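Chains V, P and F are the protein sequences, given in the same order.
Take 1 as the starting number for the first sequence in this note's numbering and just add one per residue.
Take 1 as the starting number for the second sequence in this note's numbering and just add one per residue.
Take 1 as the starting number for the third sequence in this note's numbering and just add one per residue.
Simulated from the structure, these hints should not be mistaken for laboratory data.
Source: prediction; values computed, not measured.
Don't take each hint at face value.
Residues from chain F shown here face chain V by an in silico Cβ test under 10 angstroms; the list is partial [stated by the list, open to error]:
#1 D11
#2 S193
#3 E195
#4 A426
#5 G427
#6 F429
#7 L554
#8 T684
#9 L694
Glycine included, each C-beta is placed from N, C-alpha and C at the ideal position.
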Amino acid sequence: MKISFTLNGRATVVDADQDRRVVDLLREDLGLTGTKESCGTGECGACTILVDGESRLSCLMLASQLEGRAITTIEGIAPEGKAAGDVQEAFVAHGAVQCGFCTPGMILAVHDLLRRDRAPDRARIREAISGNLCRCTGYQKIVDAVCAVVSGRNGAAGGTRGGR
Amino acid sequence: MNVFVPEEMDGLWDILAKEPDAALYAGGTDLLVRLRTGIPSPSALVCLERIAGLRGIRDEGDRVFIGACTTHTELLESGLVGDALPILQKAARLLGSPPIRNMGTIGGNICTASPAGDTLPPLYLADGEVEIESRAGARRVGIDRFIIGPGLTALGKGEVVSGIRVKKGMEYNVHHFEKVGQRKASAISIASLAALVKTDASGAIVKVRLAWGSVGPLVVTMPEVEKALAGRPLTVETLRSVHHMVERGVSPISDIRAGEEYRRRVAANILLRLATYGPAI
Amino acid sequence: MKIGESVPRHDGSSKATGRERYAADYYGSDFLWAGVKRAGIPHGRLLRIDAEDARRLPGVVSVLTHADVPGPNRQGIIRQDQPVLADGKIRQCGDAVALVLARDRQTLKKAVDSIRVRAEPVQGVFDMEAALAPGAPLVHEDWPSGNLLRHVAVTKGKGGSGLDLCDAVVEFSFETPRQEHAFLETQAGWAFSDEAGKIVIIASTQTPFRDRLEVARALGLDPDRLRVVAPYLGGAFGGKDGLTVQALLALAVLKSEGRPVKMWWDREESFLAGVKRLPARMYYRLGARSDGAMTALACRLYFDAGPYAGLAGEIMTMAVEHAGGPYRIPHVQADGFCVYTNNPASGPFRGFGVPQAASAMEQAVDLLAEKLRMDPVELRMRNLLAPGDRNSIGVAMVHSTFAEECLSTLAGHPLWKDREAWKRSAGRFKRRGVGIACLSHAMGYPKDVPDRAGAKIELTTDGTIRVYAGVSDMGQGNAATYLQIAGHVLDQDADQLELVLPDTERTLPCGSASASRCTYVYGNALIEAAATLRSRVLEAASRLFPCAAGELALVPGGVLRRTTAETLPLSRVSAALSGERSVECFYQAPVAEEDSGVIYLGPHAIFSYGAHLVRVEVDELTGAVEVKDYLAVTDAGRVINPVLFEGQIEGAIAQGLGYGLTEQFSMEEGAIRSTSLATYTVPTALDVPDVTSLSVGRAEETGPFGMKGAGEIAVSGPFPAVANAVAQALGVRVKAGPLTAERLLLAQLDGPGGPQGDAP
């Protein structure tokens with residue numbers, strides 16, 4: 001079946017089985033391996049993408065559901081013309097990336113949060129990423145990175161590490 | 001396998017007529033996980049998420065109508081639900097995780113009819129009435145008669161749950177929900193308690209409604225316990241006096257998450273938490 | 001780029017933008033998919049494999065069984081007792097029985113599901129002590145000591161009879177659970193045959209060099225016919241220390257008619273077939289004089305290997321070596337037993353036996369403190385190893401030993417000092433406790449296993465510095481640290497530095513990415529190689545200018561002649577160096593002076609230390625534990641990169657908290673029932689607090705820039721610290737972990753002496 005949707009800002013048409021999982025369509029058919037799979041049952045968040053701006057799990061979404069939607073993957077999260085967005089840069093700067101396998105999903109979960117809440121505190125940040133498992137970092141530096149993004153976006157001089 | 005994504009109810013009826021053995025889903029957070037095991041294996045899938053007629057939250061005076069495809073995130077962001085039935089938001093907040101809440105729907109939670117469904121105890125307390133539509137028309141069934149067993153509902157072929165109608169809970173000044181799980185997010189409930197309490201100026205219980213989740217094949221309500229509490233002060237002593245009734249009133253199982261004895265004890269214990277709304281010691 | 005700075009890791013960007021490719025991320029239109037049919041019963045005699053339906057499915061290229069395996073069909077690091085594909089006997093539910101090659105994943109799944117394994121079930125053993133009893137069913141009929149894989153015994157001083165010298169003796173037994181690594185990237189790899197007929201395996205592995213030898217031996221191949229490449233791993237923590245997909249991929253490639261083959265275990269298979277942390281049962285008797293001097297320890301430790309030797313005996317041995325913790329105990333008798341069972345195979349997991357021992361010992365220490373009516377900090381401080389002291393297996397601490405500094409830092413911290421007021425202000429239905437644990441963790445390999453690494457560094461023709469690092473980076477950041485070291489020695493920035501990840505054809509053998517050795521051993525080799533390259537560069541530059549060497553300084557991208565401010569680009573120096581552009585250097589870590597006979601494989605020489613504090617709140621109504629505060633003080637030498645160091649401590653603590661509190665397998669007669677992340681619950685961001693991580697920061701003289709291992713030390717702290725805190729909060733101590741709400745609530749109800757609980 002031909003499916004038309006917007007992918008990372010570009011009009012895209014794919015020919016796929018209706019029941020093909022979106023995570024497989026992205027990774028195998030479109031070569032976008034930034035979206036990861038780690039459980040296939042909605043428990044880990046590694047497959048998180050944005051659908052019309054909202055975070056969803058691509059392992060629990062089927063190709064037919066893509067029609068007409070605007071999909072954003074990690075490959076498309078950076079602003080036009082830039083290599084990386086502020087969330088990505090903060091992750092790198094604050095040690096929020098270790099093995100990196102949870103990182104794409106985690107970054108997209110953060111984007112969903114910041115769209116809804118401009119100034120989340122540490123507890124709110126932890127709640128927002130509670131659907132993204134990380135086995136390496138213990139989450140602390142991820143929270144630090146998001147705090148730095150919040151400071152940066154809300155005009156505080158130089159994002160500080162923590163906010164504790 | 002075909003996956004239909006109708007945009008209108010009329011389109012839905014056409015599909016269901018042609019594919020009577022299709023499985024329906026909205027967010028897919030239950031069905032698509034179960035499909036992975038090969039059980040069930042439907043002939044087709046129908047995704048309901050785009051049907052506008054199944055979305056939306058409506059103020060109906062003394063009741064609120066919540067469209068079946070309302071996501072848990074939408075429930076959490078609804079000012080109407082926040083004013084009318086905060087207990088439902090408290091439960092939705094603890095359900096799954098943020099992306100699961102973005103995808104999962106109240107209709108899905110009802111139709112999956114898991115004994116551990118987080119929104120179910122509050123819906124029982126709000127005297128939820130499930131609205132069911134088919135090409136032939138609409139009917140209403142109380143949620144306590146709609147869910148008939150673990151994973152079993154009174155939904156017939158060619159029918160779809162279109163929403164649930166709940167009574168506003170403003171008369172109650174305490175809206176309490178507690179969920180016991182293996183961890184603080186992404187946890188299937190081991191035991192849960194929803195409570196609506198109306199207290200008077202002295203802190204005595206005027207009226208109380210209680211519903212437990214995950215401690216029986218269905219949501220457990222205990223009118224005898226509610227009666228025993230009415231008129232008494234909202235204190236640990238009062239709540240402890242019905243402890244044995246609660247332990248006897250639940251019928252939990254032992255499963256991969258917890259044992260029966262723990263579930264029984266904790267179901268009775270978490271009732272004591274209501275004392276935190278009573279007079280300070 | 002300087003040592004001591006929190007230089008952002010160079011792989012951070014590619015990971016944060018989704019560009020970095022892991023083993024699981026390679027696809028090709030000509031790829032075949034390989035998948036395994038697993039036994040499904042814990043113990044049995046293999047009769048028949050019915051695979052005809054699978055073979056007939058369109059899209060199935062072949063179905064392989066033991067009959068198709070060349071060579072001995074036996075893998076294993078120390079003892080080759082594990083078939084690549086089962087033959088004759090089945091010893092665990094996860095045993096690989098058949099290997100299917102198919103054109104796509106859906107066909108693969110259908111084919112694997114259609115295969116029937118016909119086996120005659122045989123009575124299995126699932127309990128360690130039952131496995132050791134006379135007449136128990138044997139997991140390996142050919143093993144001379146029945147189900148006892150290995151017994152290690154250490155006697156120091158008077159051994160167990162030293163307890164007679166004690167004024168106070170405590171007895172404590174504790175059982176620790178199986179733990180799943182739950183790395184986000186499950187076991188994955190792909191392989192192909194190159195033009196020369198070499199089998200190239202790209203796998204998520206901690207041990208590319210050893211894999212090559214192990215696969216060659218298992219399949220009767222010449223190791224030179226194999227090449228193994230390790231991209232960045234999406235987590236490993238010991239679970240990819242050894243063969244997972246590698247031998248199966250090599251076998252598949254032999255039969256794939258020239259097509260590349262990919263294997264990627266889904267989460268369910270990872271649960272079923274991946275190795276787990278060894279469960280342990282430990283019996284301790286610890287005694288002291290009335291003045292608090294620890295005097296004697298007698299302990300027996302039982303470790304469950306599952307059906308294959310793997311590294312289980314070595315893990316049990318490490319536990320025995322650490323059984324007495326970081327303390328000075330003159331009389332010790334420590335016996336370790338590693339047992340074969342038909343439970344799922346056990347293997348390395350961060351900590352390698354030390355978390356198990358620490359969880360028992362540190363609780364015993366608290367019990368001893370109570371019996372002596374001493375403060376738990378005071379009792380530990382009285383007995384912590386100081387430089388020159390002998391540890392519980394009699395080895396002298398001649399390297400950096402800052403255990404006391406760790407504990408005194410903890411004792412001076414407000415989290416400890418204001419603990420009584422904090423405990424008293426618990427809310428309704430909450431009980432608070434504060435627990436501590438002191439830790440040690442040996443770095444590197446034991447004495448008899450040469451701990452060696454080869455570093456290669458090259459000035460490329462483009463003028464960049466290329467570091468060839470054969471140590472896998474599983475997220476800990478050792479690759480970034482190597483570049484930081486190279487950058488520091490050669491005064492270069494990130495733009496001038498590049499890294500070649502482990503590749504048995506391009507990088508030198510370095511040993512495994514394990515044992516907290518990744519930065520120390522390779523780092524020392526790299527420093528020397530980089531220093532040599534630096535001299536060559538400066539010398540060549542002084543000839544090129546020409547000028548005196550003293551006028552020159554290395555700057556990013558070039559050599560600066562200070563007197564004239566001219567800079568010579570490194571590419572020009574590279575041309576001048578020609579064949580001398582590349583330097584190789586090997587380093588071997590120092591070993592203990594004591595005789596290898598002290599303990600199996602010999603003792604360790606260098607230890608890291610830690611002191612942990614946790615503040616918990618237990619809910620009286622549900623039994624649930626909330627970790628409110630956590631403090632970790634670590635002696636891992638000087639810190640090369642503070643952010644990377646903290647990341648290791650924070651991450652290890654999160655894993656330790658999961659181990660102690662929320663991670664539980666449901667098992668039934670050798671079969672794992674928890675096969676998803678929904679039922680095996682690792683901590684989410686809401687389940688762990690912010691951690692305060694402090695470093696003593698004093699140099700280990702032999703270490704690269706004064707550092708020593710930091711990857712594992714912190715994982716052993718949470719379980720005992722939490723157990724001690726909970727015992728304080730509830731007045732009851734449980735006999736087994738994890739400390740789930742269920743276990744604690746039932747223990748509270750049973751009270752001291754009941755089935756769940758012991759008197760505190």
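Now the hints, each set against the structure:
The closest approach between the C-beta of D11/F and any C-beta of chain V is roughly 7 angstroms, which is under the 10 angstroms cut-off, so the hint is satisfied. Of the supplied interface hints, the one on S193/F is violated, with its beta-carbon coming no nearer than about 23 angstroms to a beta-carbon of chain V, more than 10 angstroms. Given the 10 angstroms rule on beta carbons, the hint for E195/F is violated: about 25 angstroms separates it from the nearest Cβ of chain V. A hinted interface residue such as A426/F counts as satisfied when its beta carbon comes closer than 10 angstroms to some beta carbon of chain V; here the least separation is about 20 angstroms, so the hint is violated.
A hinted interface residue such as G427/F counts as satisfied when its beta carbon comes closer than 10 angstroms to some beta carbon of chain V; here the least separation is about 17 angstroms, so the hint is violated. At its closest, the beta carbon of F429/F sits 21 angstroms from a beta carbon of chain V; the interface hint therefore is violated under the 10 angstroms criterion. Look at L554/F: its Cβ only gets to about 26 angstroms from chain V, farther than 10 angstroms, so that hint breaks. A distance limit of 10 angstroms between C-beta atoms decides the matter here; for T684/F the minimum to chain V is near 5 angstroms, and the interface restraint holds.
Given the 10 angstroms rule on beta carbons, the hint for L694/F is violated: about 14 angstroms separates it from the nearest Cβ of chain V.
Hints 2, 3, 4, 5, 6, 7 and 9 from the list above are not met by this structure, while the remaining hints are.
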